[in-house]
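If you read the protein sequences in the order shown, they are chains A and B.
Numbering (the numbering used here) for the first sequence: 218 to 1187.
Numbering (the numbering used here) for the second sequence: 24 to 124.
Honestly, the hints are just simulated from the structure, not real lab data.
Check before you lean on any hint, since a few could be wrong.
Facing chain B, according to a computed beta carbon distance under 10 Å, are these residues of chain A, among others [said to hold, decoys possible]:
(1) E379
(2) A382
(3) D456
(4) C461
(5) K483
(6) Q934
(7) E936
(8) S1083
(9) R1086
(10) P1110
Reference listing, derived: stretches of chain B covered by chain A, where coverage requires no fewer than 3 residues with Cβ under 8 Å from a Cβ of chain A [what the hints assert, rightly or not]:
(11) 83-89
(12) 95-108
All figures in this text were calculated on a predicted structure; none of them were measured in a lab.
Glycine residues also receive a C-beta, built at the ideal position from the N, C-alpha and C atoms.
For reference, the chains in residue letters:
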Amino acid sequence: MSAHRLPAPWGTRLDRAARVPFSFDGRDFEGFAGDTLASALLANGVRLTGRSFKYHRPRGVFAAGVEETSTLVDVGEGAYRSPNENAATLELVPGLTASSVNRWPSLRFDFGAINARLAAVLPAGFYYKTFKWPDWHWYEPSIRRMAGLGRVANASDPDRYEEIAVEVDVLVVGAGLAGLCAARAAAEAGARVRVLAAGPQPGGALAYRDPQRARELAASAERAGARIATRTLAFGVYDHGLVCAREKLVEQDGAQRPRLRERLWKIRARAVIAATGAFERPMVFPDNDRPGVMLAGAVEEYARAFGVACGRRVVVAANCDSAYDTARSLREAGMEVVAVVDRRREAERGRDPGPGTRVIAGAGLSAVFGRNGVSGCSVRQDAAPTGRAERLDCDLIASAGGFAPAVHLHSHAGGRLRWLDAEAMFVPDGPAGVVVSVGACAGVFDATAAAEHAELAGRALARGERLPPWPAPGIGRSLAHTALSGARGKQFVDLQNDVDLGDVALAARENYRSVEHLKRYTTTGMGTDQGKTSNVNALVALGEFSGREPAAVGTTTFRPPFVPVTLGTFVGRRTGALYRPLKRLPAEAWHVERGALFEQFGNWWRPAAYPQPGEDLHAAAQREAAAVRRGAGLMDGSPLGKLDVFGPDAAAFLDLMYVGTVSTLKAGQARYGVVLNEHGVVMDDGIVARLADNRFWVNTTSAGVERTAAAFEEWLQCEYPQLRLCITPVTSHYGNVTVAGPRAWAWLASIGFDAALAPKAMRHMTLREATWEGTPLKVMRASFCGELSYEINLPVDRTRALLDRLWARAAEFEAVPYGIEALEILRTEKGYLHVGTDTDGTTLPGDIGMARGVERKAANFVGRRSLLRPAALDPNRFVLVALDSADGRTLLPVGAQIAPEPPPTRTQGHVTSSYFSPTLGRPVALAMLERGGSRVGERIKVHHLGRVIEAVVTRAPFVDPEGRRIDGEE
Amino acid sequence: MLRIRCIHCGPRDENEFVCGGTSHLTRPPLGASDGEWAEYLFFRDNPKGLHLERWRHAQGCGAWFNLARHTVTHEILAVYPITERPPAIVERTPPSAEGSR
Ligand SMILES: [Zn+2]
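Bound conformation, chain A alone (with noise of 0.2 Å):
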């Protein structure tokens, strides 16, 4: 292998005192600070550095930049692995691990390069043709495994992201010599301005050309006001001036994990100017994918930046002039300049090639030699296709066909492009939006005329003035077409793909005339390349082989993001606990000294119940649910949702939210109530109580208080607006104690209640305003598991004082507290439904016994009209009903389909809520059964994975059907 180091001043990236250690594949290898991954690879003389996604190719270092695809590794191990990270824009850190992606089990032995061999038979859409029959899952399995690139991690990301937002006048993003200068004169006009450099120093090319200028440039943008960002990539321009980056924050604090890995910006500007360069594009030869073909300016990029001379003898494959520069500044770093290769013909030169340097013109790479590595090449004239070639010694073929400005964020924005047919090349057709190219990305390749332009451009839209006049674009001749004609072999235009002009003259063949569909046909351009190094050539042979010029083939569209983002990125601080952060009771602590088991409901943290020594949670379960119906029992409801509705139309506009009447409720009553949708859907429901003339308080369910109190804000502000009221959701204001059973209220006046709350002095629903030791309580008589039952509402830091109270007091009353579970035992045992457990988003009132409250109330209410449709007065509609099992052992399972025959068949309902009954001592069920009304009595089969399980229709409530235990115990 023939790379090496170059003595200073080669190398302006690098701090060569600072030895950095690393490994690739197992191996060991020092590199410099300031290397990247990619570039230390080079020096160290790796060659082969991945293989390639179809045909197992060997692969080495092929560009400098984000367009290098070839290079992709996966970085770091166990959970901190990261897959497929770009060895060229990877910066070398002490002790990173990097393994090769797409090969096994080695590197240099890959059982998957048969693909190679095979290649005459894997051409493009090889897949959707021959693994059609019988069914592409079959083969799925083993062709996912060979497939794809890197690993991930298979454990969740230890490290933590964040994300950031800010807001700017003029936001300049890449920072080359274009956006400097964009950012200084901006800056200079006044305009809050931010850069953002990609690499970990801004500069861009003029970096490692010209770094003394680089920095001026820099330290004179600073001093202007712009503030430049490094390691922070523009990934994607969106909607209103919304431009997302990705900073890179592993490389700033050494070998530290877990750390802070990486930052979403997300910058809202009023103008962007996008200064984002171009890429070269490479030429396209037989073979051209061989380790030691690179890409011209990524091999000045490693020479002048991270001193590494890529090979000893050189050929410079051309299709521009910049080949020439490139050949001048490979000499200077001592390397054999063996001859520029120039597809064009000589009048097609816009440029002296300089004394000493051979030129072959008109004349193009037939073969390329060598494996794993270049050892020479044939060189022909294109007008020949049968002449005598000549072969060329070489280690290293640069690739110079031209360049494709970076159109991307100007694409993101909705911009046009514009071919241009000399130079082979698509440039932004005028601004996109807030977004203005300058430089190379806007096709100014002159630096004089690019930094003008920018300037003028920097100080226009900082000051909203008309933009300057656009510079003429170009950079020279290059030939859309960068084949040899007649030439034989692989010639790749998506090295990442594997996608040869063969795929390309197939799709062609086969119709696929638009490039979005040669896209997808033959995978070009898809992967991480994202069009960045294949779009022309491809879109070129498109155009060759079905007979159009490149303009009329045109472009795929570019969409975010740019480069691949990591999913943490995205996520920022969104995960584990604080990605749905729960609900946690004012007074959780004492519930946890009660050792409850706590799980989630809704969203809150809630005791499911108290197990005991031995108890699993269905056994604690029957215990709470049989002590409450015996003696009593207290539940923190805390969760309970409550709003405070309140002004003089409070009751005209409660009675068009419910299906039941409220306006007709004396202060200090209370009734249920059902709250539909539009569609006369069951969406919530729950209490609601008047508290004065003009102030209800409105309870709902738990987990339906949000959108509840959504809707009756849409409804108020959108559909009622003459009513005057607010509504205010004060759930966290409340604490809530359900006291419950027969000696609730023995209880509760042993801990000194007012005697007016006592059940012979306050009926059941109904509301009282009351004091206990100097706290305000709203108690509620309502019940929801049938027994004497109080709902003890009082301010939040009152709870804990209440429930502690009450427990000092329990045993004189074989008092426990109970959980949901043994509240959903209770409540099921009386029959009473739970919405969105029993009924789903097809439930009308009438489904669920209310049918008569509807035909009542002679108003109108929200989803009336929705009730008199045709489905809604179907007779066959599900509706609710009670289950006994028929052997009166067997517990129904909730989801179980109701049906006279074994599935598949149509069902006649399912299994809505199911329990034991501690208090019957046998299973009862809830469930919604087609004409269920008129079938009591009736034995149906309920199925069940296979089983089948005979039910009879019952009536509810299960237990004490008179509503006897309402008042407790005389």
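With chain A's structure known, arrange chain B with the ligand on it following the hints.
The following block gives chain B with the ligand in isolation, referenced to the frame of chain A:
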């Protein structure tokens, strides 16, 4: 992500808002035919161009308001109170016929 000017709070990011769909719909009376009711309940225009819709500043002041948005460019031509008719500039900009419904 759009930048939306709340009638109370000024310009804020889209993720503070919820969209409530087409605005200025008129609810038919209780006696409307099934056809009229279904038209109101289920059928919406899908214009390529100007669309009048209502949004709520859900993570902010809570206000509902109307907004005139171009469905292709996302340009927001006007923001106006929920109880008002669209301003004149919007009335003069009919949606493109193409793509409607
Ligand atoms: Zn607001």
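Hints and how they fare:
At its closest, the beta carbon of A:E379 sits 16 Å from a beta carbon of chain B; the interface hint therefore is violated under the 10 Å criterion. A cut of 10 Å between beta carbons decides the hint on A:A382: the least distance to chain B is about 8 Å, and the hint holds. At its closest, the beta carbon of A:D456 sits 5 Å from a beta carbon of chain B; the interface hint therefore holds under the 10 Å criterion. At about 9 Å, the closest approach between the beta carbon of A:C461 and any beta carbon in chain B falls short of 10 Å, and the interface hint on this residue holds.
At about 8 Å, the closest approach between the beta carbon of A:K483 and any beta carbon in chain B falls short of 10 Å, and the interface hint on this residue holds. For the restraint placing A:Q934 at the interface with chain B, the shortest Cβ-Cβ distance is roughly 4 Å, inside the 10 Å limit, so the hint holds. With its C-beta approaching chain B no nearer than about 7 Å, A:E936 sits inside the 10 Å limit, and its interface hint holds. Nearest Cβ of chain B to the Cβ of A:S1083: about 7 Å, under the 10 Å cut. The hint holds.
For A:R1086, the shortest C-beta to C-beta distance to chain B is roughly 6 Å, which falls under 10 Å, so the interface hint holds. At a threshold of 10 Å, the smallest CB-CB gap from A:P1110 to chain B is about 35 Å, leaving the interface hint violated. Counting residues of the stretch 83-89 of chain B whose CB falls under 8 Å from any CB of chain A gives 3; the rule of at least 3 is met. Counting residues of the stretch 95-108 of chain B whose CB lies closer than 8 Å to any CB of chain A gives 4, so the stated coverage by that chain holds, three being the minimum.
When held up to the earlier numbered hints, the structure conflicts with 1 and 10 and fits the remainder.
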